[in-house]
Structure formats: structure tokens, C-alpha cells
Amino acid sequence: MTHTATPVLSIRNLTIDLPKGGDRPHAVSNLSLDIHEKEILCIVGESGSGKSITSFAAMGLLPKILKPSAGEILFEGRDVLKLSEAEHADLRGSRMGMIFQEPMSALNPCYTVGNQIEEVFEAHAQMSKAERRARTLALLKEVRLPDPERLYHAYPHQLSGGQRQRIVIAIALAMEPRLLIADEPTTALDVTTQAQILDMFKALKESRKAGILFVTHDFDVVAELADRVLVMQKGLVVEQGTAEQVLNNPSHPYTRMLIDAVPKRHGVKGNPDMSTPIALRVAGIEKTYSTARTMFKPARKVHAVKPTDFTVLEGQTLGIVGESGSGKTTLVRCLMGLVEPDEGSVWIGSSRLETTTAAGRRDFRKHIQIVFQDPYGALNPRRKIGDLLIEGAVNFGVPRSQAMEKARALLKIVRLEEDALDRYPAQFSGGQRQRISIARALMVEPKILIADEAVSALDVSVQKDVLKLLDDIRKAVGLTVIFITHDLRVAAEISDHILVMSKGEVVEYGTVDDVFGNPQHSYTRQLLAAMPGRGWEAPDMAAPGPADAAR
Amino acid sequence: MSNTSLTISPGLPAASPAPSRVLARKALRHRGFMVGFLILLFVGLTALFAPLIAPYDPYKQDLLARLAPPVFLGGDWKHLLGTDALGRDYLSRLIYGARVSLLIGFTAALISAVIGTTLGVLGGYFGGKVDAVVMFIVSVRLALPATLVALAVVALFGGSLTVVVSVLGLLLWDRFAVVLRSATMQVRQMDYIAAAEVLGASLPRILFKDVLPNVMNQLIVIVTLEMAHAIILEAALSFLGLGVQPPTPSWGLMISEGKEMLLFESWLITIPGIALFILVFSINMLGDGIRDVTAPEGRN
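Protein chains in written order, with the numbering used here: chain A, 1 to 551; chain B, 1 to 300.
In short, the hints are calculated from the structure, not lab data. Don't take each hint at face value.
Restricting the straight-line Cα-Cα distance to at most 25 Å, the calculated cross-link-like pairs of lysine to any residue (SDA-like) are [stated by the list, open to error]:
id	chain 1	residue 1	chain 2	residue 2
1	A	205	A	61
2	B	26	A	119
3	B	209	A	418
Partial list, computed: chain B residues near chain A (C-beta under 10 Å) [as the list claims (entries may be wrong)]:
id	residue
4	20
5	189
6	190
7	192
8	193
9	194
10	195
11	197
12	198
13	201
14	203
15	213
16	216
Computed from a predicted structure; not experimentally measured. Every residue gets a Cβ at the ideal spot worked out from N, C-alpha and C, and that includes glycine.
Make a model of the complete structure from these sequences and hints.
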């Protein structure tokens, strides 16, 4: 370590107990770390690794059921754990600032942005009203918000997600804290917005001379930002070191496994086979939503999907990439017949899908199936897995016992035990549930499988598993896959062709090599430029640990 | 802070017990639930086996033994809870009265549940015009004062058990409709409904297999609340002389018949009053218990 000055924050042998009956005795055990001035320390780990708990402990925001049982958290020479509630409150907001994951819930919807920033000055400093206002406007400028005068009077709901997160950062910065703690501050944001926020963190590190503790699950973000990295697994620090060292030469098997699970950037993928017949053709699908005029608002029309055409060849994967609001979910819902398109038609092979009648929709669902994003919402919690799996087959007229037999076979394909049939969804982890969802979709032997952000909610190691499973199944049964995602790396990894959507419009379509190597549209270039960790290529792990070890 | 609760719930262990098992264990540990459940069980069994338990025929008059005080007020063991103004054994009438109360409470709640659930689920699931119609019907119902309407109808058609049950059943469904409508709206948004649709499930199948089981908790809680409500309303109607007609033993009627003697033989009112209180209390405890046990924090 090159730093000689005393660290801003120093955690020594911290252990935090979990309440009895948890899956392990300690949420965090024996954790030590130092954060220096002008330094960004990233804590990386998968869900349940204790990384957020560590940041909450440093802020004195631990929920009551979690008790620190050993160690100390030294901030400016004082042990934070031994402070009274009042002393702690005094530290928070003035000497340390916290930035939360969800900017909407971190801001109070009843107050204007200006009010909420000024509140910090009111609580921690003696200032005149005019001075507070001047400082607030200066802060808004510093977090690069346009038109601070106007935003000063805006309410949180009038701002975009990225703007809200900047407000939260402004609040955290108000009293020039020496320590900033950011808990997944960009996870809820689109990739272009994320890039801007990450840039801001880098600038802040220099301009504010603060230490930054940055909690994330994303190795790309780490590569973009971190000076030093700390990897956590199940409450234990498994690896700690400089970013260079941990990212490019990880020593612990768990770190190696995590880095190995990061989708690789492929050099050249080669042109996909264009000789197979067309599996799916979408011709001029269009959808607008309109709200009727009310007493207070004029009528409004939103073009969710502008006329869209594309084709997918049999046995290939089409990646549809776009940020939130790009219309990709509406497009999928149109393809599934969950939403009726205003115009256009969908063709499977040479037959047109009838979307206007219930019987027609029912018929084409034998051909297209879907895996949803949220593994927790997609399975009815009140039905057993077996019952869930045979639903589709039974609805399409397969006898129950025969369907059960098939469900058993499919469970094997998605690598789950057979006794899963008699269990309930709550008894499975997110990754397992996603595999059950895949099995359920495959039960009706569809020609086309749509995966709507199917791996976005999963940890990176589980994500890798599920992606591999999807690809294996695609190859084994000649499935055509449409993969919707906001993650360019995942899209590049799994797709043959990529379709980029923005504001309801297809802005670019081409092979992976074309879209990534030679983007034509300015929006695609912007997306690619916004990808975090561009300077880092995940090293190839010669001997990767077993990928299933984590689950 | 929602943030915190999200991040500290570590993934469920691979082999957690089945949800029904978890619920049963939570219910057994919930004191209010167990108290309510045991009392209700006791009252229910008493009502069911009334002919075996009751020491006397509840209708048999014994004018020589009128207004005998209960044991704890100096009466003898022949009539444990004394006798009423016509010399009928009070304990027997109380036991048979439990039958009336439970029957009315349960049947009225059941009728209400069917009407309210149908309206609420349909309105919540389809939304739009269907929902507008449902909400209009609910508004109309809410504009009617339940007690007054019940009084009027019973006055018109005469106070038999059937009339009282039907009137209460047709009047108490508003809460079912309102609560189940919003519960269904939430469930409607879930991906598993879309998934069922995509898997070709028919509408009735989705409603019965995917919607109803997931709004069942709310439904059961409302059933208990409305059951208590119906029992109280029946007692009120009977007290006003427009409910169950004498000589049928009903707790409300017993209170009504005892009111002339309030100053001298106050136990004539307090005994059925306490019975009514305990029954309604136990049903409410049970309802609260069910709500706590099935609260969403405890399940996925």
C-alpha cells in the first residue's frame, strides 16, 4: 500500500451476527478494510454476500435485528459502533454521505429538490437562507444538472432516474463529507445514464478529496472505477487488492469464478449461417397507447412501438437491445398476443398468426413461448412445480400422466432434481426458478422462445449458468430464441443478430460483428461508448473453479 | 427502510419446508390466533352437539321455577345458569342460541363471500368497463344503511331464520368486493398470470387456479370479520324484535327478553351478552391471527 496518511475509514475485524435461524451465523465476519482520501474502494459480491450490510454498518444504519458483535469501525479516529444515536446522526450527512440504489425511494416525493438539499444545511450548519440557496444551486451545478434554477423547484417525480440519482448525490455531498458510501448507485439506471454517473464519481474523487466506498455486483463497473477492490462471499472477505491485481490476476477461486462468469467480449464471431429457413417474420408491428382527455389533462398518444419489421432464422438467436422505454417489452407482449398490436402481422414459417380471436391466440402459443424477467413473480406461489410445469401441456390437450412424464424429463434437462415436482416455488433460489420457467416454456414444444430480460435479475455466476443452459437447449432441439436485454455484453455473447431499439424504433439491425464492430447509428455508438469497463478484458481463467460451487 | 429488508434476506436455504407447513407452524405460535381458534372451536362443538350437552329442552317451560338465579348468585345446581321469566333453563337456551348465532354468522358470511368475491375478482381482473359497473354496484350498496334495510325487509317478510340469513347475506358483501377487487388487481399484474395466459389456460382456469388461491388470505380474513358483523347484526335485529322470532333461542332475543328485568335480574342480560362478546371477540382474534400468519413478509 502506497498510502501513508491515516485512512478516512478503517474497519477492523468487524463481525455482525445474523439472527438465529439464518443460513449462516454471521452476516459479516472478521472484515477489515481501509479507505484513504481520493480513493475508490469497490466491494464486490453476489446477493447475500454481506456487502450492503458492511456499508450500512459504517453508516450506523444497521437494522435492529443485526448486532455487531466484534471489531471496530474507525472514522476520523472515533469508533462509529460506540457512538450514541445522536452523535451518529450528527456524523451522517455532514462527515459521511450515503447514496442509495433506488433514487426514487431515497427522495421524499412531497418536497421539492431544493428543499431536500437545503434540509441538510439546516440540520448540520448555521447559515442564512440566501446562503443555503446559493450553496444548493452550486451543488446542483456540480452534479451537472441542467438549469439548476428550474430544478430547484422541481419535485422528484418530475425528474428522470439519472437526474434523481444526481440529486441524491448532491444531498450526500452537501456538507463536504470525507467519506461517501454508495450502495449499488447505478444498478437501477440505464447504461448511458450509468456511464454519466460513474464519470461523476471519478471526478468527485479528485475534486472533493473524499474516500468513496462503492458497493456493486458488476465487475465492469469495478473495472471502470475502482482503485482497490474487495471481494466478499457469504460474509467473508475472500480477496482484497488493487483493481489491477484483482481484475487481471485474481488468486482466490471464488474471484476467478466470478470473473470467469462475466460475459466475454468476442473478437470476431463470424457471420451466422444464413441458409436456414425463416422461423419468425414480423411485418409492420405497431402499437400506440392513448390516454383519453380528462378534465385536467389533454388526450395523449404514446407511440410505444413504431412500425417494426424483422426476421429470425430457424435455430438462431436474435438479441433485442434497448434501454428502458425503448419499446422492447411492448414488442414482446405484441409477439405473445398479450397486447394486441394496432397494425402489422406476425408470421411463423409461412402461416400468419391470428391475434384478434382468443382461439387464434391460443393456437399460436403452441409455437411461441416466453421466459419472464422476474423469477419471483413468474411462478404462482400457490402451486407445486409439477402442477405449474404441466399447465401448458394439459391446456393443449396432453393427458396428465403423459405431461408429468415429460415434466420429469425436462427437469433433468434444466438440471434440477426430480423431487422438485412436489415442491413450491418459494423453496427454490432465483436461478433455479428461472430454470423452472424455462422448463415450463419448453413443455409445449415451442418453435420460438422469447427470453424477456431472463437473466437480468440473477447473480453473475447464476446468469452464466442459465445462459449456457439456454444455449445448450437451443442447439439440442433447434429452438429459435429471441433474447431481450439491456446488457450489451450478454447480447453479444448469446446472439447471432442484434436489433437495437430506441424510443419505440429499430435504429440498427445486423450481425453481432457489424453492430459491435461497425455501428451505423449514433444511438448504438452512444450505447457502446457507455458500456462500463471498456478498458478491461476479463482474463481467461485457465482453470476456472466449478461454476456451480456458489449455489 | 425497504432497502435494508431486501438486502438482508439471504437466499432461502435450498430445502426449506413447504409453505403450508411453515404457515401451520406460524399459526401454532401465534397466541391471538390460537385463543380465537380454540374458543371458536369450543363454541362450534357446543352448538353441534347441543342436544347431547344441554341439560334441558330449551323450549320446556316450568312456571314453578321462574327466574331462578344462577349458581354463582345463590341458585341451586339444578339450573346452572338459572331460568328465564317462563322458567326455561337458561344454560340450555344459551347452548341452543349458539347454534342460531353460528348458523346465521356462517351462512350470511358465505352468501356475502360468494357475491362479493365474484364481483370483486371480475372487476379487478378485467378492469375498465366491468370494473366501472362493479364499482357502481358497490357504491349503490354502500349508500344503503345496512341495519335499516334489514329492519325494513324483516318487517315486511316476517322474521324467520331464512329471511334474516338471506337479508344479511345480501347486505354484507361490500367489503368482500372492495378488498378482493384491489387484491385481484395486484395479482393481475404478476407475470404468472401472463405466463398462464401464454400457456393457453382458459379464463375460468386462470381465475380459479391462479387468481383465487392468491387472494385467499384476504378472503379468509374478510370472512371472519363479516361473520362477526353478521352475528352482531342478528343480535341487534332480534333485540329489536325484528330478527329471529320467539320462542327460538337466540342470544339477541334473550337479551331483549331480559331487558325488562334489567334492574332486578341483571344476569338475564349479562350472560347472553358475555357469550356474544366472547364469540365475536374470538372470531375477530382468529381473523387478525390469520392476517398476521399469512402476512406477505413471511412468504414469497
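* Does residue 190(B) meet its interface restraint, that is, does its C-beta lie within less than 10 Å of any C-beta in chain A? -> holds, 5 Å
* Asked: Holds or violated: is there a CB of chain A closer than 10 Å to the CB of residue 194(B)?
  -> holds, 6 Å
* Against chain A, run the beta carbon of residue 195(B) and see if the smallest gap drops under 10 Å. => holds, 6 Å
* Close enough to count: is the Cβ of residue 213(B) nearer than 10 Å to one in chain A? -> Hint on residue 213(B): holds, closest Cβ of chain A at ~4 Å, below 10 Å.
* To do: Using Cβ atoms only, decide whether residue 198(B) comes closer than 10 Å to chain A, and label the hint accordingly.
  => Result: holds, 6 Å to nearest chain A Cβ.
* Asked: Does residue 61(A) lie within 25 Å of residue 205(A) when you go C-alpha to C-alpha?
  -> holds, 24 Å
* Between residue 26(B) and residue 119(A), is the straight-line Cα distance small enough, at 25 Å or below? -> Given pair residue 26(B), residue 119(A) is violated - Cα atoms ~43 Å apart, limit 25 Å.
* So, residue 192(B) near chain A? Judge it on the closest CB pair being under 10 Å. => Holds - the Cβ of residue 192(B) comes within 10 Å of chain A, reaching about 4 Å at its closest.
* Does residue 201(B) pass the interface hint, meaning its C-beta sits closer than 10 Å to a C-beta of chain A? -> Holds. Min distance 5 Å.
* Answer holds if the nearest beta-carbon of chain A is closer than 10 Å to that of residue 20(B); otherwise answer violated. => At 8 Å from the nearest chain A Cβ, residue 20(B) passes the 10 Å test, so the hint holds.
* To do: Using 10 Å as the Cβ threshold, decide whether residue 193(B) counts as touching chain A.
  => Hint holds; residue 193(B) Cβ to chain A Cβ min 8 Å, cut 10 Å.
* Asked: Minimum Cβ distance from residue 189(B) to chain A below 10 Å?
  -> holds, 8 Å
In the structure shown, a violation is registered for the earlier hint numbered 2 alone.
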